[in-house]
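Respectively, the protein sequence lines represent chains A and B.
Going by this note's numbering, the first sequence opens with residue 2, and the numbers climb by one from there.
Going by this note's numbering, the second sequence opens with residue 2, and the numbers climb by one from there.
Just so you know, these hints were derived from the structure itself, not from any lab.
Some hints here could point you the wrong way.
Copies of one chain are not kept apart here, so a pair can be met inside one copy or by any two copies together.
[To be verified] Here are the simulated lysine-lysine pairs, DSS-like style, with alpha carbons at most 27 angstroms apart:
no., residue 1, residue 2
1, Lys113, Lys135
2, Lys146, Lys83
3, Lys83, Lys162
4, Lys135, Lys205
5, Lys47, Lys205
6, Lys129, Lys154
7, Lys113, Lys47
8, Lys45, Lys35
9, Lys129, Lys4
10, Lys35, Lys224
11, Lys47, Lys219
12, Lys129, Lys113
13, Lys135, Lys35
14, Lys199, Lys219
15, Lys47, Lys154
16, Lys224, Lys146
17, Lys146, Lys45
18, Lys162, Lys45
Keep in mind that this is a model prediction, so the values were computed, not measured.
Protein chains: 2
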Amino acid sequence: MAKDMFLLWASGSPPCWRIMIALEEKNLQGYQHKLLSMAKGEHKSKETLDINPRGQVPAFRHGTNVINESGAACMYLENQFKSQGNPLIPSAQAEQALVYQRTFEAFNAHQKMVDVIMYTFRVPAEEKHEATEKRLKETATTEFKTWEGHLEKTGPYIAGKNFSMADVVFFPTLALAFRLGMSQKRYPNLGVYHGFLKDRPSIKATWPPHWTQEPPMKDPPLKDL
Amino acid sequence: MAKDMFLLWASGSPPCWRIMIALEEKNLQGYQHKLLSMAKGEHKSKETLDINPRGQVPAFRHGTNVINESGAACMYLENQFKSQGNPLIPSAQAEQALVYQRTFEAFNAHQKMVDVIMYTFRVPAEEKHEATEKRLKETATTEFKTWEGHLEKTGPYIAGKNFSMADVVFFPTLALAFRLGMSQKRYPNLGVYHGFLKDRPSIKATWPPHWTQEPPMKDPPLKDL
Chain A
2 MAKDMFLLWA
12 SGSPPCWRIM
22 IALEEKNLQG
32 YQHKLLSMAK
42 GEHKSKETLD
52 INPRGQVPAF
62 RHGTNVINES
72 GAACMYLENQ
82 FKSQGNPLIP
92 SAQAEQALVY
102 QRTFEAFNAH
112 QKMVDVIMYT
122 FRVPAEEKHE
132 ATEKRLKETA
142 TTEFKTWEGH
152 LEKTGPYIAG
162 KNFSMADVVF
172 FPTLALAFRL
182 GMSQKRYPNL
192 GVYHGFLKDR
202 PSIKATWPPH
212 WTQEPPMKDP
222 PLKDL
Chain B
2 MAKDMFLLWA
12 SGSPPCWRIM
22 IALEEKNLQG
32 YQHKLLSMAK
42 GEHKSKETLD
52 INPRGQVPAF
62 RHGTNVINES
72 GAACMYLENQ
82 FKSQGNPLIP
92 SAQAEQALVY
102 QRTFEAFNAH
112 QKMVDVIMYT
122 FRVPAEEKHE
132 ATEKRLKETA
142 TTEFKTWEGH
152 LEKTGPYIAG
162 KNFSMADVVF
172 FPTLALAFRL
182 GMSQKRYPNL
192 GVYHGFLKDR
202 PSIKATWPPH
212 WTQEPPMKDP
222 PLKDL
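Make the full structure from the sequences, and use the hints.
Encoded structure:
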């Protein structure tokens, strides 16, 4: 079944990683895929552009259906393979409400983390201001503190008692935040959550390969978080 | 049925408007709601904070279930009231793939528009740069041009032949962009789309009240788009 699926991905990219976790959770192993090098600009290649005209990864195709937005692909997989593998969106009303809420909150959390990373690496030096950088970091810190509180109230998974779509979307963002220097000591609940989820089969099987091969960067961008 | 729903909202806020359109489409009229004044800071009131601890609108509750993220609330309503009103997510595979794809793309489009608005009104003058502003406006322009192309390929609705969740999410962003000065002449397909959707009952019934009472602002932030 998964043979008619094709994914172009980059190591450590949370949007790519979400789709890979969802595929594992839905027992869709055996899909075709190709690891791209962003450093070599392979996401701007014809192969990528043919699937994703935005020239971004993930680029994902199921048969002739193209679904490049990671949230869209995850929702689609859950819906099309509802009774296969692990259910990612519960049907009970209260549980479903919480899973949807946390899932969409997680996209916003991701954006706040990306804002700091982009400001650090992409904004030209002459346009930078300490005040702006400080504000972006504070916003991201407040956001992760909010998630620290979520775990307190509705753990041990990020939306309650069971693994769900909210974990599929949130975990890759959190793992990248820790990889890029965010302090586990300042977020003990998130640290525990990260610690037990990283051994989950779907996450272990899709762990970013370069994270195990290369040491974390020196002077990482999220060290103040 | 809708009597156990409660929405705190602000006039012209795309996230609030999405939920209101979804409620209309699912025949959930008669819900309780309250229009808040952001100028008076009512989104920071206890009433709001009790539902949405982030102090933001929308703040939405169905019975005891709180779903404040607009995308989450819309997905939840579609799922809980699948056979009521208009279906917003088709079950056929190809149609479903496109609707999910455009729905999630629309959240990103919204963010790119908001980036320009926030830069204009929220970033302190001493931190501003013409180059940054130009880059943000170019990014937003490229984004709306992409949607102009989407309509060319998969119109007349934003994800194909039928009204769907993608319209629920995208339309309020587009309407706000036009209200804030984006040129309809530069986006003729989007102009036509906006023209015929604004008369759709769910959209007409939820049109931001202050837009009909007050003239558009002078020197609007999106006039260069």
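Which hints, by number, does the structure contradict?
-> 2, 4, 5, 6, 9, 10, 11, 13, 18
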